[in-house]
Amino acid sequence: MAMNLLPVIVLFPITMALILNLLHENEKLVKYLTYILSLILIFLPFIGSFGYYYFGGHGVINGYTTGIAYFYNVGKQVLLLILSFIVSISLITGMGEKFKNNMFVVLTLMGYAGISAIILSDDLFNLYVFFEIVSMVQAGLVFLSGTEESYKAGLRYLLIGVVAGSLMLLGITIIIAITGSLNISDIKYYILDSPLAYVGSILLIIGLAYSSGIPPFHNIKVDLYSRAKGFISAVLQTYSKFIFVALSIIIIKIFSGLSFFSSLKGILIALSVISMVFGTVLAILEDDYKRLLAYSSISHLGFVGIGIALSSPLAILAGIFHAINSVVFKSGLFLSAYIVSNIRGPKLLNLGGLIKYIPFTAFFTLLLIFSAVGVPPFGGYVSKLLLIREIMPQFPEIAGLMILISVGSFVYLMKAFYLIFLAPNKEDYNDIRYPKVAYYSLVILSLLSLILGIFSNIILNKLFTLVKI
Amino acid sequence: MIVMDFQTASFLTAGILIVIGLYGVFFVDNIIKKIIALEILGSGVNLTLISICYNKYIPIKLPNMVNFAQYSAYPLTQALVLTNIVIEASMLAIMLGVSIILYKKYKTLKCSVILKED
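Chains A and B are the protein sequences, given in the same order.
Going by the numbering used here, the residue at position 292 of the first sequence is 1362; the numbering climbs one at a time, nothing skipped.
Going by the numbering used here, the residue at position 66 of the second sequence is 133; the numbering climbs one at a time, nothing skipped.
One chain only, chain A, in its complex shape (with noise of 0.2 Å):
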């Protein structure tokens, strides 16, 4: 039998992330390896095979799965690769600045690696885990900016990040406690209807909450994008969506044939609503480039949730493929605010005039903000449409509000597009320079916004896999 190499796909990134934290001192000989892995995290989701993979090899005995599983099908391999890709054009965009090199790419690849655990594993624990190194990796990538404000925003991140995983650790304490399990697939058959099982549930929604940035969680999160470099923010926000769109489908997989299901339905409907709603509002108030992505992340999150949270299989795998479009479209924003913010800080209203210093980024920046607000044939039209199409049925008010805040939400992306490309500059620019690779990566991106566009029926497909709750 072909041995199966799916752990590598976590073990590898913690294995060099271990490596290169020794190699602190040779600054050149980091920037060269960082180059090479970034090519092997591409090729790193194919390596796996399909299927459970039990470790130690205690596989199932009597029915019950002993120890911790992975599971791996063509949808989580999608999902991995838009997580490789995206972390990997944000390694090389890193490398063309001057700071701590070592430490950010250390940190980065803890973070891959936890988060292709919480979506391969088949096991809560292990997803506790997980969940608690990326909230470490993520405070981390804030502190390497090295301001005052991101050692105060990573700090608040983990005082709520401790209260949040405790609160969820306990709602696995319940869990444990009428299953028995550990194991996803065996605590759905074991699980009983009962008032303890609605506390533990409530408790996993909190953690979700905390680390996904939905309300009341929302402040911190945001805090968090905007002190963090361009791309930092641009894997962050990556992160906390995926994170998001693994822990969902697993509290709907674990819940979903009991009584009080159709009540947390709602709960996880009103929370993505009031996060949709917040997200606009406030992204339409800022006038810091960087916040306003980062709202509009929150407010993306809150169509994501909507979607997985009706649980009828299409909505799902609208929901799903919403997370995988606007995680590429916000990381090149992303991308985009980072070139800006080199010029002249990420004020909008310092800002202006910049189209005929940077034609050709303010041209990728706006199919970015096609694809964000929904404009075919961009990816984000395509998720979008299938959203509010399977919802409209059944919440014909929510679909309205749906409609209404993406038309928010080209109100506020085109605020921020004129008043920095279009607008009258107040001043003149001495010197206009920004780091080209994050121009090549913004072009990338913008690119393959248009492909999952242009291509969703295949991804939409393979995505399929993973609705079959």
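Since the hints were derived computationally from the structure, they do not count as laboratory data.
Predicted model, so just to flag it, every value in this text is computed and none were measured.
Using N, Cα and C, we set each Cβ at its ideal position, and we do this for glycine too.
Among the hints, erroneous ones may be present.
As the list claims (entries may be wrong) - Calculated pairs, DSS-like style, for lysine-lysine (alpha carbon to alpha carbon, straight line, at most 27 Å): (1) K100(B) x K1222(A); (2) K1098(A) x K1506(A); (3) K100(B) x K1417(A); (4) K1538(A) x K1258(A); (5) K100(B) x K177(B); (6) K1168(A) x K171(B); (7) K1496(A) x K1323(A); (8) K1222(A) x K172(B); (9) K100(B) x K172(B); (10) K1426(A) x K1335(A); (11) K1506(A) x K1485(A); (12) K177(B) x K1222(A); (13) K1323(A) x K1417(A); (14) K1258(A) x K1335(A); (15) K1496(A) x K1506(A); (16) K183(B) x K1258(A); (17) K171(B) x K183(B); (18) K1506(A) x K1426(A); (19) K1485(A) x K100(B); (20) K1323(A) x K1258(A); (21) K1496(A) x K1485(A); (22) K1098(A) x K1222(A); (23) K1538(A) x K1335(A); (24) K100(B) x K1168(A); (25) K100(B) x K171(B); (26) K183(B) x K1417(A); (27) K1506(A) x K1168(A); (28) K1335(A) x K1323(A); (29) K1417(A) x K1168(A); (30) K1222(A) x K174(B).
To be verified - Label-pair distances were calculated between CB atoms; the ranges are: (31) V70(B) x I1131(A): 31 to 41 Å; (32) L79(B) x P1463(A): 40 to 50 Å; (33) G1126(A) x I99(B): 48 to 58 Å; (34) I168(B) x L1099(A): 21 to 31 Å; (35) Y1122(A) x I69(B): 29 to 39 Å.
What the hints assert, rightly or not - Covered stretches of chain A, going by a simulated chain B footprint (3 or more residues, C-beta under 8 Å): (36) 1212-1222; (37) 1484-1495.
Given the coordinates of chain A, assemble chain B onto it according to the supplied hints.
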């Protein structure tokens, strides 16, 4: 006199610890005290994990080990607690480190000063 069995008593203790921890995190202004409260909260959760395995509260899902299941506590949660202690320690260490940096800057440990949003 109220007579309580051991498991109920430890659940009660865990509940009290969790409430004290949550109170400390949200209503105490000192950053070090907040971190200590987090530790208390974590201990409460760990105690809950330990207590559910005592006295065969959980169904042990291993039919070929009936003998083992009859005479022992559920071993899984104890392994989980060990892991959780390590995770918690590392989280708290990072937070204490950052608190030192912020203390050097502001010369105070009050959260209302050092974590104030601008």
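(request) Give me the numbers of the hints this structure contradicts, sorted from smallest to largest. (result) 3, 7, 10, 13, 16, 19, 22, 24, 33, 35, 37
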